[in-house]
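Colleague: Residue-level listing of the chains:
Protein chains: 2
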Amino acid sequence: MHGGGPTAVINASLYGIVDEAKRSGAFVHVYGSHGGPAGMLSGTYIALDEIDDDVLAGLRDAPGSAIGTGRDALGGHYPQMVEVLVKNGIDVVMLTGGNGTMNTCALLQEACREAGADIQVIGVPKTMDNDIAEIDHAPGYGSAARYAAQSVGEVCCDVHSMPIHIVVVEVMGRSAGWVAAATALAEQCGQGGPDLIYVPERAFDEEAFLADCKRLIEEKGGGVVVASEGLHDAEGNPIVDPIMEVERETYFGDVSSHLANLIVARLGYKARSEKPGLLGRASMTLRSERDVDEAEEVGRAAVRAALDGATGVMVGIKRVSGEEYAVATDLIDVERVRLIERLLPDEFINEAGNGVTQAFKDWAAPLVGDLPQFVSFL
Amino acid sequence: MHGGGPTAVINASLYGIVDEAKRSGAFVHVYGSHGGPAGMLSGTYIALDEIDDDVLAGLRDAPGSAIGTGRDALGGHYPQMVEVLVKNGIDVVMLTGGNGTMNTCALLQEACREAGADIQVIGVPKTMDNDIAEIDHAPGYGSAARYAAQSVGEVCCDVHSMPIHIVVVEVMGRSAGWVAAATALAEQCGQGGPDLIYVPERAFDEEAFLADCKRLIEEKGGGVVVASEGLHDAEGNPIVDPIMEVERETYFGDVSSHLANLIVARLGYKARSEKPGLLGRASMTLRSERDVDEAEEVGRAAVRAALDGATGVMVGIKRVSGEEYAVATDLIDVERVRLIERLLPDEFINEAGNGVTQAFKDWAAPLVGDLPQFVSFL
Chain A
1 MHGGGPTAVI NASLYGIVDE AKRSGAFVHV YGSHGGPAGM LSGTYIALDE IDDDVLAGLR
61 DAPGSAIGTG RDALGGHYPQ MVEVLVKNGI DVVMLTGGNG TMNTCALLQE ACREAGADIQ
121 VIGVPKTMDN DIAEIDHAPG YGSAARYAAQ SVGEVCCDVH SMPIHIVVVE VMGRSAGWVA
181 AATALAEQCG QGGPDLIYVP ERAFDEEAFL ADCKRLIEEK GGGVVVASEG LHDAEGNPIV
241 DPIMEVERET YFGDVSSHLA NLIVARLGYK ARSEKPGLLG RASMTLRSER DVDEAEEVGR
301 AAVRAALDGA TGVMVGIKRV SGEEYAVATD LIDVERVRLI ERLLPDEFIN EAGNGVTQAF
361 KDWAAPLVGD LPQFVSFL
Chain B
379 MHGGGPTAVI NASLYGIVDE AKRSGAFVHV YGSHGGPAGM LSGTYIALDE IDDDVLAGLR
439 DAPGSAIGTG RDALGGHYPQ MVEVLVKNGI DVVMLTGGNG TMNTCALLQE ACREAGADIQ
499 VIGVPKTMDN DIAEIDHAPG YGSAARYAAQ SVGEVCCDVH SMPIHIVVVE VMGRSAGWVA
559 AATALAEQCG QGGPDLIYVP ERAFDEEAFL ADCKRLIEEK GGGVVVASEG LHDAEGNPIV
619 DPIMEVERET YFGDVSSHLA NLIVARLGYK ARSEKPGLLG RASMTLRSER DVDEAEEVGR
679 AAVRAALDGA TGVMVGIKRV SGEEYAVATD LIDVERVRLI ERLLPDEFIN EAGNGVTQAF
739 KDWAAPLVGD LPQFVSFL
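First to last, the sequence lines map onto chains A and B.
Start counting the first sequence at 1; every next residue gets the next number (our numbering).
Start counting the second sequence at 379; every next residue gets the next number (our numbering).
Calculated directly from the structure, the hints in this document are not laboratory data.
Yeah, the Cβ is synthetic: ideal placement off N, Cα and C, and Gly gets one too.
It cannot be assumed that every hint is accurate.
[What the hints assert, rightly or not] Pairwise CB distance ranges, derived in the manner of DEER restraints:
no. : chain 1 : residue 1 : chain 2 : residue 2 : range
1   : B       : Arg552    : A       : Ala208    : 28 to 36 Å
2   : A       : Arg319    : B       : Ala612    : 55 to 63 Å
3   : B       : Ala581    : A       : Asp53     : 50 to 58 Å
4   : A       : Gln80     : B       : Gly646    : 23 to 31 Å
5   : B       : Asp740    : A       : Ser321    : 56 to 64 Å
6   : B       : Ala704    : A       : Asp362    : 45 to 53 Å
7   : A       : Ala211    : B       : Val406    : 45 to 53 Å
8   : A       : Ile340    : B       : Ala730    : 43 to 51 Å
9   : A       : Asp362    : B       : Gly687    : 54 to 62 Å
Bound-form chain A, shown alone:
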């Protein structure tokens, strides 16, 4: 079952799960829940083991979630879900998602135990935001980070060609600035990278921002600013007023648009806003190959864990120390992950709160992979 928004590699994890399960010969059937929790609750399944291998392999290159996903609250429906699982003879449930989905894992496992149902529940990490606790990084992050870094690198070339405006690029990440921070790697492209980066881990100070922009204009004539969608002020209020609340969700206005307007209105200088938004988690061409491989491997590790009898765990990714980048998977009690948001640590954010440190770049570079270097004669 997939929970929450897709990533560029959520289907790669699904491929790893299905392929490993089929290879093991230990499972009678492998089903996908159609559309997340709602599908699991109603017993609406997709028979993944009956799909041709070459079609299944296409999952590695498919954006979105090939079995759908959902954000429905399961509320008090856990006992009912257990009944449906038992009725359908399901022995193992795997949930791919973020820390909210790991909470679902914990609640579902509790409900199974209470009902005396012998069902294993295993979490598979997934988030472009990279805010899952206890792991080095989450599948989906490397691709979102690569998309943001190379796109910003290309935009830097464009702006460098004709520095007549400040371009504000908004990237996803409501509570954590991991993706915004990754745009610092755009400097690899050869045009200096973004001039300023603002992350939600620091309170946003409008006057400091305008002073930063004014200096940028005076020194370079223009430049590139990256802003997380979740910026808020010192009181914790989002810098753009919520436009409306729909059901449980708040609809926020665009941060990039707001900041560009602010530059125009307060500094009298040209500014543009760009907000690739969903493009950043759906792009197949700008994703990280390492991320695809790791996402698939995390899916395979979940199947191996199931065969070992594990339950109530999430597959983790830890770095193996050594000169070359290497990772290994492990198993983490979902209790240690559920609903905990992992934010950028202090040592990854610069002192002025408008950029990142070398330590962050060193950490993020292997996840993003090498970026192309672009020719310029300026």
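Chain A is fixed; fit chain B onto it per the hints.
Modeller: Just chain B now, kept in the frame of chain A:
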């Protein structure tokens, strides 16, 4: 000299010009004007013939403009520019740009003639907006179109996974809807393509838009809407009020943000806005290979035209009739191109004004190239 905003292939045309000029052996030097008209006026040149061939070849893969570009008004400075060109021994001037730049070509040539200076002036077409008159399509368009089409195709997969909102994607094109129209090709990706497309060639009717969106929500639970940045109402007023005028330019607010807010406020339904903006003209990974090849060839044709003694012309691209797509270059009097905006013809827009026709898709498909088909089990 480059004029106006870059495209994904403006440097490919520059590569064609420099390489063809060097191969011809007919030129003593090949210079690039540093930063558009301002560089040409001040005699600030980049010696392109002195750059290593392998570095030069990198121009084919470089976003932005490698020699810079500019939007400065030349105003009454044409006689002065002629003086600078004569003083520096320049015999041929090539200007890469849109219909505004072709106007510059015409004015510069006139100034040369009045000054008795024997200088050839040749225009090289370039615009992601595709609004240059007299040609089948402009270099830069195919890449912007491919970026928009595949990106929207990927977003359609994302939204199809969890249809809980309407996503409004804004694409560039202030007067002409060529890029917005190209997103219809996203249907090749296998998730239906965008549900609604609005172009500036039709007056935007807010009530009709909301009725379209309401139907979309009722029928599918959500979907993807594409909107040109230049939408205006029946009186010709932009649908988003200008925020500020800076020098000669008007700064408009974001159309996607405005429309998403409208859906939330008026329909009480979730909506997101995405505005890739500059990313769409800077992306190297999602450009059209055919566009790169044609842009290079247009540059080479400009050099051949110069060797034939032509002046006051722009290189054109026309389709050669036949079963397979093929083009040929020709030469067009710049007088027929200057300042004329080429809009989408009626036969390319559907009757309701919220989509395109098959005739448009047939025309655009070879420029964009085949898009990947994505696997989904929904």
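Colleague: Evaluate each hint against the coordinates.
Modeller: Against the structure, the hints come out as follows:
| no. | hint | verdict |
| --- | --- | --- |
| 1 | B:Arg552 <-> A:Ala208: 28 to 36 Å | holds, 33 Å |
| 2 | A:Arg319 <-> B:Ala612: 55 to 63 Å | holds, 60 Å |
| 3 | B:Ala581 <-> A:Asp53: 50 to 58 Å | holds, 52 Å |
| 4 | A:Gln80 <-> B:Gly646: 23 to 31 Å | holds, 29 Å |
| 5 | B:Asp740 <-> A:Ser321: 56 to 64 Å | holds, 58 Å |
| 6 | B:Ala704 <-> A:Asp362: 45 to 53 Å | holds, 50 Å |
| 7 | A:Ala211 <-> B:Val406: 45 to 53 Å | holds, 50 Å |
| 8 | A:Ile340 <-> B:Ala730: 43 to 51 Å | holds, 49 Å |
| 9 | A:Asp362 <-> B:Gly687: 54 to 62 Å | holds, 58 Å |
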